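**Student:** Residue numbers (numbering that gives the first Met the number 0), protein chains in the order written: chain A, 0 to 307; chain B, 0 to 307; chain C, 0 to 307.
None of these hints come from the bench; they were simulated from the model.
Take every hint as true, because none was put in to throw you off.
Which copy? The list can't say, so a pair holds if one copy fits it or any two copies do.
Think about it this way: if two alpha-carbon atoms lie no more than 30 Å apart in a straight line, the pair counts; the simulated DSSO-like pairs of lysine-lysine are:
| no. | residue 1 | residue 2 |
| --- | --- | --- |
| 1 | K249 | K118 |
| 2 | K110 | K232 |
| 3 | K214 | K202 |
| 4 | K118 | K148 |
| 5 | K245 | K259 |
| 6 | K122 | K148 |
| 7 | K6 | K30 |
| 8 | K221 | K191 |
Given the structure is predicted, the values throughout are model-derived calculations rather than measurements.
Below, each chain spelled out in residue letters.
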Amino acid sequence: MSGLVGKDILSAFDFERQDLFRLFILAERLKEEINDFGILNYAVGKLMVTAFFEPSTRTKVSFQFAMKRLGGDVIDFIEEVSSLQKGETEEDTMRILDGYDPDVIVVRHSKPFFPHKVKDMVKAPIINGGDGTNEHPTQALLDVYTIWKELGRVDGVVIGMMGDLKYGRTIPSLSYMLTRFNDVTIYFISPKELQVREEVIKKIEGKVTYYMVEKPEDVMEKLDVLYVTRLQKERFSDPQEYERLKGSYKIERAMLQKFKRLPIIMHPLPRVWELSTDVDDLPQAKYFNQAKNGVYIRAALLKEVLGV
Amino acid sequence: MSGLVGKDILSAFDFERQDLFRLFILAERLKEEINDFGILNYAVGKLMVTAFFEPSTRTKVSFQFAMKRLGGDVIDFIEEVSSLQKGETEEDTMRILDGYDPDVIVVRHSKPFFPHKVKDMVKAPIINGGDGTNEHPTQALLDVYTIWKELGRVDGVVIGMMGDLKYGRTIPSLSYMLTRFNDVTIYFISPKELQVREEVIKKIEGKVTYYMVEKPEDVMEKLDVLYVTRLQKERFSDPQEYERLKGSYKIERAMLQKFKRLPIIMHPLPRVWELSTDVDDLPQAKYFNQAKNGVYIRAALLKEVLGV
Amino acid sequence: MSGLVGKDILSAFDFERQDLFRLFILAERLKEEINDFGILNYAVGKLMVTAFFEPSTRTKVSFQFAMKRLGGDVIDFIEEVSSLQKGETEEDTMRILDGYDPDVIVVRHSKPFFPHKVKDMVKAPIINGGDGTNEHPTQALLDVYTIWKELGRVDGVVIGMMGDLKYGRTIPSLSYMLTRFNDVTIYFISPKELQVREEVIKKIEGKVTYYMVEKPEDVMEKLDVLYVTRLQKERFSDPQEYERLKGSYKIERAMLQKFKRLPIIMHPLPRVWELSTDVDDLPQAKYFNQAKNGVYIRAALLKEVLGV
Numbered sequence: 000m001s002g003l004v005g006k007d008i009l010s011a012f013d014f015e016r017q018d019l020f021r022l023f024i025l026a027e028r029l030k031e032e033i034n035d036f037g038i039l040n041y042a043v044g045k046l047m048v049t050a051f052f053e054p055s056t057r058t059k060v061s062f063q064f065a066m067k068r069l070g071g072d073v074i075d076f077i078e079e080v081s082s083l084q085k086g087e088t089e090e091d092t093m094r095i096l097d098g099y100d101p102d103v104i105v106v107r108h109s110k111p112f113f114p115h116k117v118k119d120m121v122k123a124p125i126i127n128g129g130d131g132t133n134e135h136p137t138q139a140l141l142d143v144y145t146i147w148k149e150l151g152r153v154d155g156v157v158i159g160m161m162g163d164l165k166y167g168r169t170i171p172s173l174s175y176m177l178t179r180f181n182d183v184t185i186y187f188i189s190p191k192e193l194q195v196r197e198e199v200i201k202k203i204e205g206k207v208t209y210y211m212v213e214k215p216e217d218v219m220e221k222l223d224v225l226y227v228t229r230l231q232k233e234r235f236s237d238p239q240e241y242e243r244l245k246g247s248y249k250i251e252r253a254m255l256q257k258f259k260r261l262p263i264i265m266h267p268l269p270r271v272w273e274l275s276t277d278v279d280d281l282p283q284a285k286y287f288n289q290a291k292n293g294v295y296i297r298a299a300l301l302k303e304v305l306g307v
Numbered sequence: 000m001s002g003l004v005g006k007d008i009l010s011a012f013d014f015e016r017q018d019l020f021r022l023f024i025l026a027e028r029l030k031e032e033i034n035d036f037g038i039l040n041y042a043v044g045k046l047m048v049t050a051f052f053e054p055s056t057r058t059k060v061s062f063q064f065a066m067k068r069l070g071g072d073v074i075d076f077i078e079e080v081s082s083l084q085k086g087e088t089e090e091d092t093m094r095i096l097d098g099y100d101p102d103v104i105v106v107r108h109s110k111p112f113f114p115h116k117v118k119d120m121v122k123a124p125i126i127n128g129g130d131g132t133n134e135h136p137t138q139a140l141l142d143v144y145t146i147w148k149e150l151g152r153v154d155g156v157v158i159g160m161m162g163d164l165k166y167g168r169t170i171p172s173l174s175y176m177l178t179r180f181n182d183v184t185i186y187f188i189s190p191k192e193l194q195v196r197e198e199v200i201k202k203i204e205g206k207v208t209y210y211m212v213e214k215p216e217d218v219m220e221k222l223d224v225l226y227v228t229r230l231q232k233e234r235f236s237d238p239q240e241y242e243r244l245k246g247s248y249k250i251e252r253a254m255l256q257k258f259k260r261l262p263i264i265m266h267p268l269p270r271v272w273e274l275s276t277d278v279d280d281l282p283q284a285k286y287f288n289q290a291k292n293g294v295y296i297r298a299a300l301l302k303e304v305l306g307v
Numbered sequence: 000m001s002g003l004v005g006k007d008i009l010s011a012f013d014f015e016r017q018d019l020f021r022l023f024i025l026a027e028r029l030k031e032e033i034n035d036f037g038i039l040n041y042a043v044g045k046l047m048v049t050a051f052f053e054p055s056t057r058t059k060v061s062f063q064f065a066m067k068r069l070g071g072d073v074i075d076f077i078e079e080v081s082s083l084q085k086g087e088t089e090e091d092t093m094r095i096l097d098g099y100d101p102d103v104i105v106v107r108h109s110k111p112f113f114p115h116k117v118k119d120m121v122k123a124p125i126i127n128g129g130d131g132t133n134e135h136p137t138q139a140l141l142d143v144y145t146i147w148k149e150l151g152r153v154d155g156v157v158i159g160m161m162g163d164l165k166y167g168r169t170i171p172s173l174s175y176m177l178t179r180f181n182d183v184t185i186y187f188i189s190p191k192e193l194q195v196r197e198e199v200i201k202k203i204e205g206k207v208t209y210y211m212v213e214k215p216e217d218v219m220e221k222l223d224v225l226y227v228t229r230l231q232k233e234r235f236s237d238p239q240e241y242e243r244l245k246g247s248y249k250i251e252r253a254m255l256q257k258f259k260r261l262p263i264i265m266h267p268l269p270r271v272w273e274l275s276t277d278v279d280d281l282p283q284a285k286y287f288n289q290a291k292n293g294v295y296i297r298a299a300l301l302k303e304v305l306g307v
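This is chain A alone, in the form it adopts within the complex (with noise of 0.2 Å):
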């Protein structure tokens, strides 16, 4: 049986190498089932819980659609209609979906941690699905899944992460994931105020090589891949500082077009202003894609969790 079976998912550290390999080629495998059958049959009886304490689309909805595809059904607690408003602890309520007895539960929250927290209250396998600034270990999933696909290999990979790196919690699921691979290089490009967490540095010393750099420019024809993430305002301590630097981190295609050697682009998505949709039709944008690949990577994840 898999490695995963039953198993919590709270970090990108929860997968191993082999995982990681066995996931990706589970991942196509139910692609091209769920491309042939629509509705496959593994999950039929079992029942996933999404608990988002946060708002979302992508993460909430391709949950959604994974389980379903593998022949699951879904219970969508929403945090606006409940008894929250009354007061109630929110591990108190974790507590009582866990009662209701589901099959896996895909939990988010704007508190860092707050899986790890209850994980020990609940039975069933909780899934990460976003803890504040802290990870978000399916987003990494999709994202590596994203690059082996696209460059058949992550071994060796030189990826340049853009944005707001201190705040966002996909970067450091991110790092952490690409520690699996061997000889992989990160460019963390950043304004210095909005650079990486030294505790996420720590994770990955000696496991990866990295540099910092302030702007995109300076690195870009020696990346395989530009992930590029939001970068916004309020995180700025100076407005003025925000608006001398926003046009360094804009990707727009007349920028794009100076390099002689492109990388593909990611984004975990939402954009706002720093991916321009200019750039939507170049070969190199990958964001869709990657956006798609959450389904089918999600529905691998619950295969193993759910042992089915």
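Position chains B and C against the provided structure of chain A, taking the given hints into account.
**Tutor:** Just chains B and C now, with coordinates in the frame of chain A:
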């Protein structure tokens, strides 16, 4: 196979006369089958996404019933708990949802022509569930289906459409769909400043006979159908004008009993003050039947669009 | 066939003694079957609508689990994204939803007797999921089922109900349901101004033995069951009275350890301050089991009402 398989349904004009009769007959058949079996198996393995960027009770829930009764399943994208709050463009949202490979997407939006704008970005067939003041083609479908069921014909029908004809989106779609029938007469009954838009008139000119009148009393006894819609205070530039006219646009039992011959009374619902609950028990009141018909005609439409 | 097939369930009084025992035994059987098979096939082809005009976590999600575990499916009407925002009356909403031919409707509303008001407008059986301060009969069902499971009997039980007895809707329903058993004693434990309403007392008079007391300490050792409910500051006309009494109504470990004999401790949840988390590990703490029991007893109820 059906003439509508894989087609986008954006406008009432997307239905030819023969499409409409075929859908009406299919809806009748599906209703019988649903009564007998509860859930059918036509759409087993198919997923519909409802992407409603604007509130709705009936349209969304009616589509959900239709899809589930056909044996398919539904994933509901809810704007309120989405990344739109982070500033994602709605075009991106549609592309991402489409990337998850739904079999059909029903979209509602407050912006006119939103579905038209995104249709070429998405692979799945799109059904317009209402686009601002522009159109609501599946509402027209259930309206005309109701007329056909109640009167046994649509050709030659005389219909009064009443209320806020300028901003209501059911009025254009219903008017357009009626052009597919022979010898239809429409009385547009409305205060002058809320009369039907010129662009709508242009599209029906020469295909139906129409008149613009100001009060329902003037034409009541000529009508086969009185189609009542809401008339909201905020639509009037002059509040005194609203107060002056309000009485004439309220359909109530006492008012109706003055006439020798009554049309059937329809309403797209929800109603506010313009249609009194004391009308509900009259044999002419068909609006709850009309709402109910929505499930079966939408099931017929989905069956054809899905090609199942 | 079952005695409850097609019946509206509006009040705890809608259950006779023999209905309750039959449902308890059916719930036990369904729990075993669900453990063995995940999803059963009793309700295949059946659709339940949840129409909650007021927030809820547990009741709605618990009903959704129950219906899906029986093999049926659910359509969730969410007020927030509905045409109620346009001013539609909730009676119209219920008639429209009913017109879509669901097999059962679970309704919650902040207005007492809302389900009673609409029941004759709708064909589908209605289950009251809580109507303002009036009743919450399926909560009573899971409460009494829990007592039966934990104590092996309901006849002869001595129960203390504590908290805001005046406004809490679980209290009336639980009291009413207990009248179906023999020799039950109820201690209503509450500040005088929040004691159980006269209308409730009238309905249980002569059918159970009851006493009104002010503090839990006075009766703790007599109790088989302590049923704790929330006591909200805003219910007190005098804030100083709240501060004075608050301490007496907080159940915590240290307070409980003063007694030689402890009752089982129940709570309809959500809790706020009145039930400390340090009680959770005591063997008497049954409130999470109680919540969990809701799925199975509601599945039993749905199976009977649907006649499947």
